[in-house]
Amino acid sequence: MQDSLFQTETGFQPLAARMRPTSLEGYVGQAHLVGPGKPLRRAVEQGQLHSMILWGPPGVGKTTFARLLANVGDLSFETISAVLSGVKEIREVVERARNRKQSQGRDTLLFVDEVHRF
Numbered sequence: 001m002q003d004s005l006f007q008t009e010t011g012f013q014p015l016a017a018r019m020r021p022t023s024l025e026g027y028v029g030q031a032h033l034v035g036p037g038k039p040l041r042r043a044v045e046q047g048q049l050h051s052m053i054l055w056g057p058p059g060v061g062k063t064t065f066a067r068l069l070a071n072v073g074d075l076s077f078e079t080i081s082a083v084l085s086g087v088k089e090i091r092e093v094v095e096r097a098r099n100r101k102q103s104q105g106r107d108t109l110l111f112v113d114e115v116h117r118f
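Heads up: the sequence shown runs through residues 1 to 118, numbered per the working numbering.
Calculated directly from the structure, the hints in this document are not laboratory data.
Any given hint could turn out to be false.
Derived DSBU-like pairs: lysine-lysine, alpha-carbon spacing no greater than 35 Å straight-line [to be verified]:
| hint | residue 1 | residue 2 |
| --- | --- | --- |
| 1 | K88 | K62 |
| 2 | K101 | K88 |
| 3 | K38 | K62 |
| 4 | K101 | K38 |
| 5 | K62 | K101 |
Derived CB-CB ranges, DEER-like [unchecked claim]:
| hint | residue 1 | residue 2 | range |
| --- | --- | --- | --- |
| 6 | S81 | A17 | 31 to 39 Å |
| 7 | F12 | Q46 | 18 to 26 Å |
| 8 | E45 | T79 | 16 to 24 Å |
| 9 | R98 | L15 | 34 to 42 Å |
| 10 | F12 | G37 | 35 to 43 Å |
| 11 | A17 | E114 | 17 to 25 Å |
| 12 | G86 | L33 | 30 to 38 Å |
| 13 | M19 | R91 | 33 to 41 Å |
| 14 | G86 | T22 | 28 to 36 Å |
| 15 | N99 | P57 | 31 to 39 Å |
| 16 | M52 | V83 | 14 to 22 Å |
| 17 | V28 | I53 | 16 to 24 Å |
| 18 | V28 | G86 | 14 to 22 Å |
| 19 | L54 | G11 | 25 to 33 Å |
Note that beta-carbon positions come from the ideal geometry of N, C-alpha and C, so glycine has one too.
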């Protein structure tokens with residue numbers, strides 16, 4: 001029960017968050033790229049992930065897919081919005097990634113949402 005009108009229950013998550021896949025096995029679509037033994041899956045499993053552009057209408061799972069790639073590749077995940085960010089924010093996230101690589105030896109996957117807005 002809620003104590004206040006503005007206090008939310010701690011365990012609540014939107015349906016989309018609860019249904020979001022947590023592994024590539026649970027990801028539906030693009031099996032020719034991310035299925036077992038397929039090019040993109042091999043690349044991420046071998047630590048050879050490269051730059052790419054994910055294209056599609058809102059809500060098809062581009063961000064979810066990027067998060068899955070980071071998870072499978074044991075990469076840190078950073079996201080910025082091209083609508084709300086500029087050169088300063090990109091430099092900051094690149095600096096954080098460099099520091100993380102030096103201190104933890106961990107690579108970073110940077111997801112730039114709405115990249116066409118730059």
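(message) Need the list of violated hint numbers for this structure, in ascending order.
(response) Violated hints (numbers, rising): 6, 7 and 18; every other hint is consistent with the structure.
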